[in-house]
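Q: Numbering (the numbering used here), first residue to last: -10 to 239.
Since the hints were made in silico from the structure, they are not lab data.
Just so you know, even glycine gets a beta-carbon here, dropped at the ideal spot from N, CA and C.
Take the hints with a grain of salt, since some may be wrong.
[Unchecked claim] Ranges between beta-carbon positions, derived for each pair: (1) A124 x Y161: 17 to 23 Å; (2) Q106 x D153: 15 to 21 Å; (3) V60 x V150: 32 to 38 Å; (4) N52 x I17: 50 to 56 Å; (5) L110 x N216: 51 to 57 Å; (6) D74 x G155: 45 to 51 Å; (7) Y148 x K202: 34 to 40 Å; (8) T102 x R142: 14 to 20 Å; (9) D153 x I89: 24 to 30 Å; (10) N216 x L98: 28 to 34 Å; (11) N71 x M130: 26 to 32 Å; (12) E54 x Q31: 20 to 26 Å; (13) Y161 x E90: 37 to 43 Å; (14) D190 x R142: 26 to 32 Å.
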Amino acid sequence: MKCVNPLLLAGLLATATSVQANDLNQVIDKSSAINESAQKTQTKIDSIADSMQSRLQKFKTLNKEIDGLAVYNAQLDKQISNQLDEMNAINASMDQVSVIERQITPLMLRMITGLEQFVALDIPFLPKERQARIASIKEMMERADVTSSEKFRRVLEAYQVEVDYGRTIEAYTALLDIDGKEREVDFLRIGRMELLYVTRDGSQAGSWNQESKKFVALDDTSISQINKGLRIARKQLAPDMLTLPVHASE
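Model the full structure from these sequences, guided by the hints.
A: Right, dumping it as structure tokens:
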């Protein structure tokens, strides 16, 4: 049996150990590289998973918004349809308004003419005021910037004023021609039944005679009653009975 040189054996063992150590280091290095690659891959996978989850959440949110918009659009379609119906109805009404406006303008003109004739034939109280009101309405009828509804309202308002004259008592001061001389007098209007006057010095009195279309003188006994009526009209005296002449039509 041959004897193995211990030094040779030790060298062989050292060489084998060195080779194994190198192989192990290579394995460890490769294992570390694999682990590091695996970690990077996992990080990428996690990032991709997070991104997918975020995109999925956005997708679901967008779907909800789309569903909400679909409902909103459907509601808007209904509203637009109703608005179109209303527009058609308004257009039809406007056509009717045009027809009515063409018919109502001649009616208003006839009403104004009738009112003007009525004032001319009525007892002559507040003549300037009443004539100015009619002149204002006639001027308004020619204006294009005033609507037909406003014109009609003004005409009816003038009629209402004239109606109110028939059930009120009024006192006012104005000038009156008496025996060819213009004098300042106090007028007393009792509805449309009587229009009386008394001079400011209380020396003369008279009343309107609708048949003769002129004022006729009254005796002195009527002056106190006319003055009493003036005080009642001016709310200086409580309402009371008056004894006054009445010109009754035959």
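Q: Could you run down the list of hints and mark each one as holding or not?
A: Status of each hint after checking the structure:
Our hint of 17 to 23 Å for A124 and Y161 holds, since their Cβ atoms are close to 20 Å apart. For the pair Q106 and D153, the beta carbons lie near 19 Å from each other, so the given range of 15 to 21 Å is met. In this structure the supplied range 32 to 38 Å is violated for V60 paired with V150, their Cβ-Cβ distance being about 59 Å. Look at N52 against I17: about 51 Å separates their beta carbons, and that is inside 50 to 56 Å.
For L110 and N216, the Cβ-Cβ distance of about 29 Å falls outside the hinted range of 51 to 57 Å, so the restraint is violated. Separation of D74 from G155 is about 48 Å and conforms to the stated range, judged on CB atoms against 45 to 51 Å. Against the hinted window of 34 to 40 Å, the Cβ-Cβ separation of Y148 and K202 comes to about 24 Å, which falls outside the hint. At roughly 18 Å, the beta carbons of T102 and R142 sit within the given window of 14 to 20 Å.
The hinted window of 24 to 30 Å between D153 and I89 holds, with their beta carbons roughly 28 Å apart. Separated by about 43 Å at the C-beta atoms, N216 and L98 break the suggested range of 28 to 34 Å. Checked against the hint of 26 to 32 Å, the C-beta distance between N71 and M130 comes to roughly 39 Å, which is inconsistent with it. For the pair E54 and Q31, the beta carbons lie near 34 Å from each other, so the given range of 20 to 26 Å is not met.
Our hint of 37 to 43 Å for Y161 and E90 holds, since their Cβ atoms are close to 38 Å apart. D190 and R142 have their C-beta atoms about 44 Å apart, which leaves the hinted 26 to 32 Å range violated.
Of the hints listed earlier, those the structure fails to meet are numbers 3, 5, 7, 10, 11, 12, 14, in rising order.
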